[in-house]
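A.B. asks: In case you want the letters, here they are:
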Amino acid sequence: MRITCPLCGARDHREFTYKGAALPVPALDSGVAEWDAHVHLRENPAGPHEELWQHAMGCGAWLKVRRNTVSHEILAVELAQDAGLVIKEDRS
Amino acid sequence: MGFSGKFSGWRVLKEGLTGNKGWTAHWRDPEPKREYDVVIVGGGGHGLATAYYLAKEHGLRNIAVLEKGYIGGGNVGRNTTIVRANYYLPGNSEFYSHSLKLWEGMEQDLNYNAMMSQRGILNVFHNDGQRDAAVRRANSIINQGDDAEILYRDQLKKLVPFLNYDNNRFPIMGALLQRRAGTARHDAVAWGFARGADQYGVDLIQNCEVTGIDVEGGKVTGVQTARGPIKAKKVALAAAGRSGQVAAMAGLTLPIESHVLQAFVSEGLKPVIDHVITFAAGHLYISQSDKGGLVFGGNLDFYSSYAARGNLPTQEHVMEAITAMVPAVTKARLLRSWGGIMDMTPDGSPIIDTTPIDGLYLNAGWCYGGFKATPASGDCFAHLIATGRPHEAATRFKLDRFRSGYGLMDEEGTGAQHNLH
Amino acid sequence: MRIAGKGLVSHNRTVNFSFNGKDYMGLEGDTLASALLANDVHLVGRSFKYHRPRGILTAGSEEPNALVSTGKGAARDPNIRATQQELFEGLAAQSQNCWPSVERDVMAVNDLAAPFLGAGFYYKTFMWPAPLWEKLYEPIIRRAAGLGALSGAANKDPYEKAFAFCDLLVIGSGPAGLMAALTAGRAGADVILAEDDSRMGGRLLAEVEEVDGKPVHVWVAEALAELEAMDNVRLMPRTAVTGVYDHGTYSALERVSHHLPPSQSLKTAHRPRECFWRIAAKASVLAAGAIERPIAFRNNDRPGIMMAGAVRAYLNRWGVAPGERITVFANNDDAHRTARDLVAEGVHVTAVIDSRHDAPDSGEFPVIKGAMICDSAGRHRLESVTIRSVNGEEKLQTDCLAVSGGWNPSVHLTCHMGARPEWNRELAAFLPKPDAVPGMVVAGAANGVFSTYGALQDGAQAAITALAGIGTSVDAVPLPEASDAPYRISPLWAVPGKGRAWLDFQNDVTVKDVAQAARENFRSVEHMKRYTTQGMATDQGKNSNVAALAVLADATGRSIAETGVTTFRPPFVPTSIAAMGAGAEDQGFMPQRYLTSHKASLQRGAANIEVGLWYRASYFAKDGESTWRQSCDREVTMVRNAVGVCDVSTLGKIDIQGPDAAKLLDLVYTNLFSTLKLGRVRYGLMLREDGFVMDDGTTARLGENHYVMTTTTAAAGQVMAHLEYLTQVVRPDFDVRFTSVTDQWAQFSVAGPKARDLIDALVDEDVNSETFPFMACGAITVSGVAGRLFRISFSGEHAYEIAVPARYGEALYRLLLERADPLGGGPYGMEALNVLRIEKGFITHSEINGTVTAFDLGMQGLVSKKKSCWGKALSERDGLMDDDRMRLVGLKPVGAMQALSAGAHLFDPDATVERVNDLGYVTSVGFSPTLGHMIGLAMLSGGPDRMGDTIRLVDHTRGIDTLCEVVNPVFFDPEGGRVRG
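Chains as they are written, first to last, in the working numbering: chain E, 1 to 92; chain D, 1 to 421; chain U, 1 to 981.
By construction, these hints were calculated from the structure, which means they are not laboratory data. Take the hints with a grain of salt, since some may be wrong.
[To be verified] No more than 27 Å apart at the CA atoms, straight line, and that leaves these computed lysine-lysine pairs for DSS-like:
1. E/Lys88 / U/Lys872
2. U/Lys156 / D/Lys157
3. U/Lys135 / D/Lys270
4. U/Lys663 / E/Lys64
5. U/Lys663 / E/Lys19
6. D/Lys14 / U/Lys135
7. D/Lys6 / U/Lys135
[To be verified] Counterexamples of contact, computed for chain D against chain E with all Cβ distances above 12 Å:
8. Phe3
9. Ser8
10. Ala25
11. Arg153
12. Arg180
13. Gln199
14. Gly228
15. Ser243
16. Ala247
17. Asp301
18. Asn311
19. Ile357
20. Gly359
21. Arg389
[Stated by the list, open to error] Covered stretches of chain D (in silico footprint by chain E; criterion: 3 or more residues with CB under 8 Å from a CB of chain E, positions within the stretch not fixed):
22. 263-273
23. 410-419
For every residue, glycine included, the Cβ atom is placed at its ideal position computed from N, Cα and C.
The following block holds chain E by itself, in its conformation from the complex (with noise of 0.2 Å):
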């Protein structure tokens, strides 16, 4: 596999780790049930999948890919931060 980083170019992906589905970040104080979800709940679909990975042994950028996890074609590569990711505020 071979993945684009927006900031190195196209590398070999030995070079990046993965971290799971690219899930918006749940505010920290928002409970149990919605950090189950997010940590540990999974639509898991066989096909396009937006996914975390960070560019680790490169520039240590956080990458959101959507990929298709049946064909493993890479469809999209965003730097994370650009990716609307972000965790809610708190509630309190």
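Using the hints, position chains D and U against chain E.
C.D. replies: Using the frame of chain E, we list chains D and U on its own:
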């Protein structure tokens, strides 16, 4: 005895003398009926074993196993064939202990030689920390009533002299040995349970993909399939690798992510490795099949996938681990590599449980422990389906444990990220 | 039999070699197989199951029969294809899977028992009595199985791995591949041309025909010369592309020095034996050709029965006639060329037996149409065949049979990403599915285009198409003139009749086995394969799979297209573990990280241990100390009474700066850091998102917006990635920057009652309780070098950690030891460090093992109620706050047996020792010389509620069964007076 008759050495001799004309189908290929008491989704090892034990232990007969492709074509047909009971956390301990006992009588029970070979498994450790973890594990296993021994360097060297003990990035200190562990011929396990279930009248329906799960008023009523609708009082999901998709048909979201695990086999060679050996330093396990091929594997490919094929970095890492630990076998040539799709859960342990939908049962999340679990998974799932209560060896495989925090079974302590187990 | 002057071998350069201990002579340019055939050696091996005599079948890497072992001692290489092994002076090869010799193999008795050893027989027997499987049956089966044998010694040969990049990877150098490379090369594209064979040219090397008005091998030589002259083209002979992976990644195996005598290769000439390539190609042309397939008939497996294309290759490329009276059996026109070429060289062709009634006639040799061969005879070498025609059956004396059942395009690589090939009725073959691999275009015989002209044209077009796909437009190049003969075939898979007709020659799978599998309802092609082992031999069915599934289709009444194929998997050719694992031998498996103090430590008698990637001093043996315990006890006592020095640079160090640095620390740590004063250090605990403890460590505030975080050695990478996650994904709005400075700073712990004396005398600044109280930090200078000083302690003693840029690390370490010695101090290692921290109840990753919470560690007080933090939500799950969870306690022995043991489990004294009564386990133990007895830390169910209780400790593996008292985990100086003093 059923359709294919009783198997024995005498029968092999007799058929051999008469041109092997007397062998018949190991199982039927029936047309699906309109309705069953229990429909099992997935004709892999666990689904077939579930059908077998439902019939044998609970007297049910009106059962169908629906398989998308050919029976035994999932992970039971693409693994590294290891059977062991060397887990250490409550839940896994008693379950895999139960499984190993079932393995030990399975071939006679099924009248099918699955070549269960109790050749022993060695978990090699390299430093004090790993040694202490191995001791903790060994004590857990013994407390559970199974066998475990700690071998230190010199004892290990006598047993497996060909490892790289000294000039190794991580010198070998010792190993945890479980002698009753070993390997089995994976396909034969699926075929044995299939033939056994068939003999009890279970309908094994191949090329029958389930496309929908019918739920009315919170209760399951049947399934939609590629071969038409089938009514069922109970529907049991045993579709590892596709658990998420199948459960989604009933509106369930599971704590499961699908990942590829690769496995490898070398060309056939004269016997060199007599045990199953795993290495703590490099995510490697290796054994040698009765045909002579070295069978080995390592870690996941780490990204979500349904592609059932692996990537090069993982392959190379596995070969590097062999090169470091077992340089005496590196002239062997890799013959074939393949990938299976694993249901990875947040704690690396499985789920055998009821679901919020009445009559819908879930067997999933086997990560890469599925093959060794086959008989116990079938037995315990059958018990749950037939009685509504968990089997005493599988009380902790709860679907809601991640939310409650009770009874998590994270054997590797790597946390809730699905791919890290 | 060699034909003088014929072929591409050097007839005037002889090469001596031996086979099964007997000396022979071959020619430069020979393979082992061609040289053996030239010497009239046909029996080369034995089959897997029945130990039937086996001869050379093919002329390529797909060879299933002629597998031999080469090399001696640790260099022995099993399962070498004789058809691929180039001859070199002194080559010694042996047959495999036979004893005592390939001529007289006692295991051939299996063949007599064949009626009882058919498909899947072992699933039906050997079940009673159960213990006999491991004791009797399995050992017999295992011994009989396998082909070659490993030497048993560690492989000491050198191997390499490499990366390569190109615009266009051309796989195969036959007519299609050469034209593709010429087209792309002339257009200036970066081209890699990879060829499995030692010599480029593919099938063209094996034919007699003209291209561009020249003999074909002259055209090939000219094309190669042109390619070689191009800077943008890299020719890679002896390189098999083994796998296709995502996004244009290909793997390839180069046999770098298999063709050289050991003296000219390997270490002496710095040549690896093999090199494993990872090729990133923007596009590729697959021109891998086709593999000829046999026809199954009774006893079709005898030595002397070969593929028709291989016979032609041995004749035209190597100048060898594999027999004196050669017969051809075919269902297609192509095989007639074999007869024609043989006759042209004066070799006697008895007849061409063609199953087609409309087969072409020849004036040069008899053609028997509508006929089949239905049996053969000859023990170690073919002696005769039986022909069945309209005139009945007739025996024909012949010593070589050239068989062709048609050609299978080499579609394998097109299937590595999951595609399945498609059946083509006209060609009676599977063709690649279009666009099966993104960026790959298939050309020539691999694409079902069998004529030379067709392949040239297809190859040129493929390069144009492939390059257009990456946005490079290329002009068409003129095509040379060449033969464009049509490929005519009528399918014939198996000749009907009694007896055993082989499909898989190596695994001994016959037509009967496949039919029996179908009868037993192993009707899926995957079931048939797995039940019969068809296609599971070293050729992975390259020679046999298509015929086998045609037989299965026939047995199950389905078409071949409906029956389908099994899955093609990498690698295309078997690839040594050594090549794919190159670089990992000995110390190469993982990087080695050394401390700046490494050399100085060794000089002080350090015994080193691996700690992750690092090497650290375990203990420092002094004269008279014969066990590690003696050294450890002395070092602990030294720290408690004087001063000890320990290199702690392995701890992760992260330099954090920016206006929002404190906010980041408040997010990541459970406790408050925004209140940390300048010049102070605080201990912190961080959680994973699932609420379990990720790591602990101290963070120092060095400036207004400047902090240095330390992590444990084990979690340094994980914590760094975590901070990057938090700042890039969760809070990209934070104005903060950080970087790992673990390697930039050498840091030493100086601990003990005399630590201040040492430090104060060493650094330029005054160090006292005013300037550096407990948990203070600040800049200092040591002999003019700017450094940092932290008043922190992992031993419970008055202690400092002093840090300097890593280049001064060794000097500082030596200086510290020099100053410590007169104070009665010295270095201490990991063993003493461990005892010191257990005495204080400090935790490491023995306790923070990924399954414990702050609550379990008794650190719930460190989880601030004033703020939220990462992981807090899930740490508050009911199950993680349950009093019965295993929680941290201290243990000390009571009673006679004074042993504690890490990994032991804990029970109530009156409970039976079984899992259901298991209360916990021991995480860390050590002998405390300070207290004079063993101490331990443990995770115990409801632990803090059991203080003072007696608990039973059982370690079956060490034979320990003893009683302990549950105590506070802080064994020594619980008031903390020493650390503050």
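A.B. asks: Next step is simple, just say for each hint if it's right about the structure.
C.D. replies: Do the hints match the structure? See the list:
no.: 1; hint: E/Lys88 / U/Lys872; result: holds (15 Å)
no.: 2; hint: U/Lys156 / D/Lys157; result: holds (20 Å)
no.: 3; hint: U/Lys135 / D/Lys270; result: holds (18 Å)
no.: 4; hint: U/Lys663 / E/Lys64; result: holds (24 Å)
no.: 5; hint: U/Lys663 / E/Lys19; result: holds (24 Å)
no.: 6; hint: D/Lys14 / U/Lys135; result: holds (25 Å)
no.: 7; hint: D/Lys6 / U/Lys135; result: holds (24 Å)
no.: 8; hint: Phe3; result: holds (36 Å)
no.: 9; hint: Ser8; result: holds (44 Å)
no.: 10; hint: Ala25; result: holds (33 Å)
no.: 11; hint: Arg153; result: holds (33 Å)
no.: 12; hint: Arg180; result: holds (34 Å)
no.: 13; hint: Gln199; result: holds (35 Å)
no.: 14; hint: Gly228; result: holds (24 Å)
no.: 15; hint: Ser243; result: violated (8 Å)
no.: 16; hint: Ala247; result: violated (9 Å)
no.: 17; hint: Asp301; result: violated (9 Å)
no.: 18; hint: Asn311; result: violated (6 Å)
no.: 19; hint: Ile357; result: holds (16 Å)
no.: 20; hint: Gly359; result: holds (22 Å)
no.: 21; hint: Arg389; result: holds (25 Å)
no.: 22; hint: 263-273; result: violated (count 0)
no.: 23; hint: 410-419; result: holds (count 4)
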